[in-house]
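Please model the complete structure; the sequences and the hints are all you need to start from.
Positions 1 to 513 (full-length UniProt numbering) are the ones given, in order, by the sequence shown.
What the hints contain is simulated information worked out from the structure, not anything from laboratory work.
None of the values given here were measured: they were computed from a predicted structure.
Treat the hints loosely; a few may be bogus.
In silico DSSO-like cross-links for lysine-lysine, where the CA-CA straight-line distance does not exceed 30 Å [as the list claims (entries may be wrong)]:
hint, residue 1, residue 2
1, Lys225, Lys256
2, Lys61, Lys17
3, Lys215, Lys256
4, Lys230, Lys215
5, Lys283, Lys211
6, Lys66, Lys93
7, Lys211, Lys225
8, Lys48, Lys17
9, Lys174, Lys320
10, Lys211, Lys320
11, Lys61, Lys123
12, Lys89, Lys48
13, Lys66, Lys89
14, Lys276, Lys225
15, Lys230, Lys211
16, Lys283, Lys230
17, Lys6, Lys256
18, Lys123, Lys66
19, Lys93, Lys123
20, Lys89, Lys59
21, Lys215, Lys174
22, Lys123, Lys48
What follows is a list of derived Cβ distance ranges for each label pair [unchecked claim]:
hint, residue 1, residue 2, range
23, Asp105, Asp28, 14 to 24 Å
24, Ala92, Asp42, 24 to 34 Å
25, Pro36, Asn120, 22 to 32 Å
26, Ile31, Asp167, 46 to 56 Å
27, Leu15, Gly194, 29 to 39 Å
28, Asn237, Gln367, 36 to 46 Å
Where is the CB? At the ideal position from N, CA and C, for every residue including glycine.
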Amino acid sequence: MHSDYKPAVNFAIELIKQIILDERFLLDEFIEFVNPVMMNADFKGGIKSLLMSFDKLLKTKPHLIKHLYPIISSVLFVNELALQERAVKILAKYANEKALDDEYDNLQNALHAIYDTLPNDIKSGLAPIYTPILDNGEHDSSNDVSDEPFDNDTGTDYYYDNSVNIDYFADERKITLYDDFNELIFNFGQLEHGDNPIEIEIYMASYLSLKQQGKFPSDDNTQLKSVLDKYRHQWSNNYIFVIFKTEFLNHIYQNKDEKIGTHQYKFLNSYHAIVKQFIALDKINDGKSDDPLSLLSTPTHAPAYIEPAILVERLIAYQKAGVEIDLTDYAIALARTPRASIEPALDLLPQITDELIRESLAFAFGQTELSKTIPPQAISEKFGYEKGEHYQAWRGIFATVAKTHYPNIELDYSHEYAKIFDKVVVNDDIEIAPYRYTAIDYMSYGEFQRRLLKNNIKDKSRLVSFELSQFNRPYSSDIQLIKLNFTTETVRPKLVEGSVSVMVRQAHHEREP
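And the structure:
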């Protein structure tokens with residue numbers, strides 16, 4: 001249990017889980033050994049397993065809380081919200097004053113030492129067993145529920161001043177990159193346990209900058225590998241870190257040994273695209289002698305803002321280098337750029353020669369409303385048959401800007417009216433019109449059988465209805481295909497300017513697969 005080698009500790013914990021409920025298990029001795037583990041952020045998985053085991057143990061032997069509360073409360077020192085929540089639930093359930101008796105004051109003192117640093121959700125969870133202690137030693141009863149009826153409450157009026165200007169680019173908000181290569185080496189291990197994905201973006205920006213400034217030692221690859229070796233083929237529950245680590249290790253070791261699948265975490269695809277663009281820029285910068293190209297989306301000010309002028313300067317650098325921008329990187333950059341301090345950026349705007357980039361920047365800075373360059377959306381694009389089409393991606397750029405600055409609008413992508421989203425739709429204008437709609441879906445035979453078993457569906461007609469709502473995809477790359485034809489009763493919001501939204505109400509089988 002005192003080993004620095006994580007797999008050894010996790011192996012020990014897995015064995016203990018199997019015997020901890022045994023009457024002969026020496027709990028007191030185990031507590032002495034396990035105490036250092038419960039505050040070590042490197043063993044998050046093991047801590048979670050132990051907390052689950054303690055919860056099972058306390059269900060049958062609640063009196064053991066007098067022995068377990070010190071190590072359970074020590075989990076609150078680990079900067080991991082999920083573990084803190086699990087520990088607090090156990091304490092709130094079992095560690096009351098009656099159960100702890102003379103140990104109750106010790107628990108209060110332990111919680112008092114860390115209470116102010118805890119998130120509000122955790123503080124709320126501790127409310128049944130802990131009352132904050134004031135500096136004078138008295139308990140703070142300001143959060144106690146009053147016995148007075150609500151009718152006697154005079155209430156408090158709150159006013160929101162919407163004229164307050166936020167200083168997005170204050171000096172104290174400015175993000176600084178690493179100073180030297182040693183910081184890169186030292187901080188890599190911290191990225192896995194960080195709770196802010198921006199830290200990884202700062203790491204990537206620092207790597208690109210320091211390398212191009214000539215601040216890497218001659219044996220940089222050797223030093224990097226000495227740190228990265230222990231992360232090879234290792235799993236982590238930090239998915240953001242896994243994406244970065246996988247691509248970075250494959251880049252440094254120049255192979256494809258590390259594998260990653262983000263298909264089940266679609267919300268991570270954009271972050272994956274940024275990491276791959278970082279790798280691409282490192283290769284591009286290796287052949288450049290002047291200023292390095294940086295990611296467009298790297299924030300300049302906390303928490304994740306980009307100064308408009310700096311974004312334009314980055315785009316000009318790409319233009320001079322003849323490097324095409326990555327549109328995912330660009331979309332994230334635009335979403336992070338407030339409409340503040342835009343005058344320096346507007347002065348630089350004429351230097352941008354690409355018409356779509358210039359128009360999207362003008363739109364992002366509030367100077368124009370819509371692009372006149374993008375042609376109408378073809379019907380084949382609307383239904384996804386030309387996913388690689390150039391203008392389809394740029395429509396996404398302009399939609400990102402629109403949703404960033406006007407979050408409550410609805411975007412009309414109707415090909416019928418040859419517009420992008422200038423038909424702003426109000427919900428009150430929707431009329432419901434039923435119509436018949438025939439859809440075709442495909443899946444592999446193995447997938448078909450798997451879903452029959454998983455959902456205990458014996459009637460294939462029920463499966464068709466189920467698949468329409470939960471598995472609807474236009475094509476499959478599988479070799480063996482089953483074709484499902486089904487007719488659906490649907491309703492479509494019929495808008496004044498047209499719509500393509502469809503809500504499925506009922507599906508019934510038309511033909512057996």
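Fill in: Violating hint indices (sorted, rising)
Result: no hint breaks.
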